[in-house]
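Protein chains in written order, with the working numbering: chain A, 787 to 880; chain B, 25 to 191.
Hints are computed from structural coordinates only; laboratory data are not their basis. Among the hints, a few may not be true.
What the hints assert, rightly or not - Calculated pairs, EDC-like style, for lysine to aspartate or glutamate (alpha carbon to alpha carbon, straight line, at most 16 angstroms): (1) A:LYS811 <-> A:GLU839; (2) B:LYS174 <-> A:GLU873; (3) B:LYS182 <-> A:GLU873; (4) B:LYS149 <-> A:GLU824; (5) A:LYS811 <-> A:ASP796; (6) B:LYS80 <-> B:GLU70; (7) A:LYS859 <-> A:GLU806; (8) B:LYS173 <-> A:GLU807; (9) A:LYS811 <-> A:ASP846; (10) A:LYS836 <-> A:GLU823; (11) B:LYS174 <-> A:ASP845; (12) A:LYS836 <-> A:GLU824; (13) A:LYS819 <-> B:GLU178; (14) A:LYS866 <-> B:GLU166; (15) B:LYS174 <-> A:ASP846; (16) A:LYS838 <-> A:GLU807; (17) B:LYS175 <-> A:GLU823; (18) B:LYS175 <-> A:GLU824; (19) A:LYS826 <-> B:GLU178; (20) B:LYS154 <-> A:GLU878; (21) B:LYS174 <-> A:GLU824; (22) A:LYS826 <-> A:GLU839.
Since we're looking at a predicted model, the values are computed, not measured.
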Amino acid sequence: MKINPRLKEDLKKYLLRKQEEEQNKVMIRSAYKLSEEELKSITEFFPELKGKEIVEVTDDSLLAGVVIQQGSKVRDLSLKSQLMSLEQRINEIA
Amino acid sequence: MEGLGIDLKLLIAQIINFGLFFYVFKRFLAKPFVHYIDEEKQKELEREKSFQKAKKLEEEALKKEQEALTKVRKEAQEIIKEAKQIAEKLKEEVLAQAQEEVREIKKKAQKQVELEKEAVYADAKEKITKLSFFIVQNALREVLSDDLKKKITERILKNSSKQLKLS
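With the hints as extra help, turn the sequences into a complete structure.
Written out as structure tokens, the structure reads:
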């Protein structure tokens, strides 16, 4: 299927722009409302988050810890995920 | 002679009469009669001979029939004996096969039971684990205060940054 090269170029640019926007946006989900100090300490622990737009979301189901999502990359540091991985390991072993 | 009552002339006439009768009888009657008697005797002999022959043939035929019957009976008994042996052998084979099949079925059933047992056990274990963790999660949700949550979050972040540095 032959696509118009101009259209192809525009689409490419649009997607790259969207990707960049997503990369610049960071969503932090936590079980409680994080303070400024805590957000700062998170950025210190993960320096690549510095300078990014941080969106905070409260999710009670995490129990404790945080889930950091940057674009398609997700770091699950919640207590819930640790309990789930423990559950999986117990199922595998026993 | 006349005093005795014997008439000579009559006597002579009777003797001549007798002689004539004898001659006529012998010439015209005796021979055919004797011939006839002989013929009859011969026929009788031949009849007797044929009868004996037929009787002999009948006896022989009867004997042959008896022999054939005996032979057939013997063969039939042989066949029956053989058939019985074959049937006995077949019976044993079928029994052995059936026993083998029963053993196989028993084995398969035992295996099936074991597998099902394992499946039930695994399922129960999974459910118990899930339930346990569900209870723990709910309990933690109730029990964890904001301070505890903060401390846990801090500890998790420290540990994960250590792991990142190590990797």
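- Between LYS174 (chain B) and GLU873 (chain A), does the CA-CA distance stay at or below 16 angstroms? Judged against 16 angstroms, a Cα distance of about 23 angstroms means the pair is violated.
- Restraint status (C-alpha distance of LYS154 (chain B) to GLU878 (chain A) at most 16 angstroms): Measuring from Cα to Cα gives roughly 13 angstroms; hence the hint holds.
- Taking only the CA atoms, is the gap from LYS836 (chain A) to GLU824 (chain A) under or equal to 16 angstroms? Roughly 14 angstroms between the alpha carbons, so the hint for LYS836 (chain A) and GLU824 (chain A) holds.
- Query: Within a Cα-Cα threshold of 16 angstroms, do LYS826 (chain A) and GLU839 (chain A) meet the stated pairing?
  - Reply: OK: LYS826 (chain A) and GLU839 (chain A) at ~13 angstroms, within 16 angstroms.
- Query: Does the alpha-carbon distance linking LYS80 (chain B) and GLU70 (chain B) stay inside the 16 angstroms limit?
  - Reply: Within the cut-off at roughly 15 angstroms; holds.
- Task: For the pair supplied as a hint, LYS838 (chain A) and GLU807 (chain A), confirm whether the alpha-carbon distance does not exceed 16 angstroms.
- Result: 10 angstroms, holds
- Holds or violated: LYS866 (chain A) to GLU166 (chain B), with C-alpha atoms at most 16 angstroms apart: Judged against 16 angstroms, a Cα distance of about 14 angstroms means the pair holds.
- Query: Is it true that the CA of LYS149 (chain B) sits at most 16 angstroms from the CA of GLU824 (chain A)?
  - Reply: Distance of about 39 angstroms is beyond 16 angstroms: violated.
- Task: Sort out whether ASP846 (chain A) lies within 16 angstroms of LYS174 (chain B), counting only the CA atoms.
- Result: Holds - the C-alpha atoms of ASP846 (chain A) and LYS174 (chain B) are around 13 angstroms apart, at most 16 angstroms.
- Holds or violated: LYS173 (chain B) to GLU807 (chain A), with C-alpha atoms at most 16 angstroms apart: 31 angstroms, violated
- Message: Holds or violated: LYS836 (chain A) and GLU823 (chain A), Cα atoms, limit 16 angstroms.
- Response: 14 angstroms, holds
- Message: Next pair to validate is LYS182 (chain B) with GLU873 (chain A); report whether the Cα-Cα distance is within 16 angstroms.
- Response: Status violated; Cα separation ~23 angstroms.
Hint violations for this structure: numbers 2, 3, 4, 5, 8 and 9, all remaining hints satisfied.
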